[in-house]
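Fit chain A to the known structure of chain Z by using the hints.
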Amino acid sequence: MNRKKAKGYQIKSKPQKYRHRAGSKVFDGIKQRIVDFFSYWTKQQFRKRRNWLDLENASKLFPSVMNSTDTKVFRFTVTIKDEINPELLQMALDQAYKHFPLYHSVLRRGIFWYYYEDSDLHPIVKKETDYPCRSLFHYDEKRLLFRVLYYRNRIHLEVFHALSDGTGASWFLQLLISNYVLLRYPEIRSQRIELSEDFQYPHYNWASQLDDSFARYFHQKKKEGSIAHKKIENQNKPKKRKWKRVHHIYGLRTQDNRMQIIESEMPVKELLQISKQRNVTLSVFLTAVFIESIHRTIKKKNKGKNKERSITISVPVNLRQYYPSYSARNFFATTLIGYTFGQEGKTDTFDEICACVAEQYATETKIENIEHKVYSLAKLEKNIALRAIIRPVKDVILRLGYSINNLNITAALSNMGKISFPKNIEEYVDQIYVYTAASRPQFVCITHKDVLTINFSSPYQDTEIQMNFLRRLTEMGIPVTIGANEVNPPDVKQQETKYEIL
Amino acid sequence: MKFCNACKVKIKGSTQICPLCKQPTVDLTETEFAEDDLTKNDSRKVGTLKPDLSKNNITEDDGLFDPFPIVPLRFKQYTLLTVLTIISVIVYGVMLLIYLKFPKSGLLPRYIFFALLSLWLLVSAIVRKRRNVAKSILYQLSILSLLLLLLDKISTWSGWSITYAIPLLACVALFAIMIAIGFIQKEFGDYVLYVGAVAIVGLIPLLFIIFGWVDVLWPSILSVTLSSIMLVLLIIFRYSLIAHELKKRLHL
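Line by line, the protein sequences give chains Z and A.
Once you know that position 466 of the first sequence is 466 in this note's numbering, the rest is easy, because the numbers rise by one and skip nothing.
Once you know that position 199 of the second sequence is 199 in this note's numbering, the rest is easy, because the numbers rise by one and skip nothing.
Don't read these hints as lab results, they were simulated from the structure.
Computed list of lysine-lysine pairs in DSS-like fashion (alpha-carbon distance at most 30 Å, straight line):
| id | chain 1 | residue 1 | chain 2 | residue 2 |
| --- | --- | --- | --- | --- |
| 1 | A | 247 | Z | 382 |
| 2 | A | 186 | Z | 142 |
| 3 | Z | 81 | A | 8 |
| 4 | Z | 301 | Z | 244 |
| 5 | A | 22 | Z | 301 |
| 6 | Z | 31 | A | 135 |
| 7 | Z | 418 | Z | 126 |
| 8 | Z | 300 | A | 22 |
| 9 | A | 8 | Z | 269 |
| 10 | A | 135 | Z | 43 |
| 11 | Z | 373 | Z | 418 |
| 12 | Z | 142 | A | 247 |
Estimated spans, in silico, between C-beta atoms of each pair:
| id | chain 1 | residue 1 | chain 2 | residue 2 | range |
| --- | --- | --- | --- | --- | --- |
| 13 | A | 91 | Z | 123 | 40 to 50 Å |
| 14 | Z | 426 | A | 142 | 52 to 62 Å |
| 15 | A | 81 | Z | 397 | 23 to 33 Å |
| 16 | Z | 245 | A | 200 | 48 to 58 Å |
| 17 | Z | 126 | A | 158 | 53 to 63 Å |
Beta carbons: idealized from backbone N, C-alpha and C, even for Gly.
So here's chain Z without its partners, still in its complex pose:
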């Protein structure tokens, strides 16, 4: 009897219990979904009105003209003494991220313009497994416009140029690295850390960080009161130099459009000595070497052609040195430095190039000339006819204008100047490298401690310009160490991107 009962109980109850459990799980799930569905329409959290910000003058160009090769992403690399600890790096990033509201924004498309929108996204450090400066912006996805990577003893900060320029990003980098070093090496926490000027309050003030300095200083109405206005009135308007037959660099692209990166480091003292001997600044000297090495490359290819040919280098000028601004957003202008080879009465020696470049640096980087250019760009931006064009058409126009402007440019370089960290943290930081995605050979140089790094990036496989440049420096007796990424990886399994369609 008992057995039967027990059996019956078992037989009856077991499937029932089972059915009840499974059924309730599924039923609860569906119920929860339905409850969620209806509560969605009433919940306040889904009705958030996100803050948004207009792009400033210089960044308006970047989202329109970027493509899969020239992604408009630049990268800072910092080498630290020891292998990177990803958890501590993540903590350091979280701390730094709090202080930079600009870096919280994502880029979105409007009907007429792109705009930044505030987001709740959280940046996560990743191990570097991909090639440098991959795209950071997708038109239909909310993504942060920067990423932090690590590889062995290197920390990389990659930033989309529409968000910030090199100077703005270097403040974020300084805070990130200082945080990391303090976390990684607790022994220095007890020491007194002296903060240099770069770590002062205005850099971390939210309002000054988000300031649109182009709008502040280059508003049309303000023109009368500007620094250079009166001088321009008195003199003639600055003449625009016309470059004849500007040379363009073409070549075989890398197989999957990755950037060819060549980092080089050398003691800055010796370079400064050499440039001092020639009575020029370091920027002038490097520009002249660059022009000369490009010319050597062409000469080899066009033997016997002795026509006039110009090589022009686009150089960005940090406007923060002329106008007080702590904006972490873009605030720069570009200028063109060049040299025409094959002119009558000239032998195109290095000294001649140096003299010509030095003279142009003296005139072109004068605030009068730059201000004039920025004003005309600001005026263009304010043009009502141009503003009222819908964004897809605007993209095409900007791309067209950009490529027309590029017809005047052979290559580009950028001198980031000197970067430093608080004294105690400096001990643990070895080297800093900066480079950018480029549509033509380009280099960025930066000085840290006593070492200058010159970092070339190029979409082409050819490295003759870089070779000529660095050989020129080693010929002068400067010890150079280089590092390069592999653009033709040997017999590695070919990998396909997931769904890169349409």
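What follows is chain A alone, placed relative to chain Z:
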């Protein structure tokens, strides 16, 4: 650390060829250049220089490692695009041949063209807008409506597209968008304008009624009613959100 005798530069990592001049490199120890270095730094031994992985502090051996990870080649595969093109070309060619052979079979080239056009438009809209469901629904509603109108036009015009198809499609789209958004549970601000746009498309059948293009009125009336209720609800309950989104996206 390697050394290139032609360029006279030290090279980080274990590369066999110089990244600058593509000539073979030598171990740093074999050159005079390196010997100076070695006298300064006794910790490095002459002969084989291999990275010491056990050491925590890696700065000393930094030059022995490659500064970048080796990234395999990646190629973009336009799979879907290729497949669609091949299908389109083959189908169109075969059908055209059949038509030329048997002109009375009824497979008019314009129908084949229409079928391929719909395939291309719908697939590209789905793929390109796959990240935003509301946008995708709006695009598909517009494309499908136009396609159905075209189909009605190229077959003998009987008005079924504007009488039934478009108004009912607009109703379905309105429900679909609300259900999709409700289950996705993301910020409504990203979708609100698309919901509004779908509702406005649903108001278009009002024109059909006014101009007397349709004889059967109920589908159009249904669509207009549902859409106007939706719009009124949106304006009453989400006015500030709509204003904010419009200002953001339409700023000049």
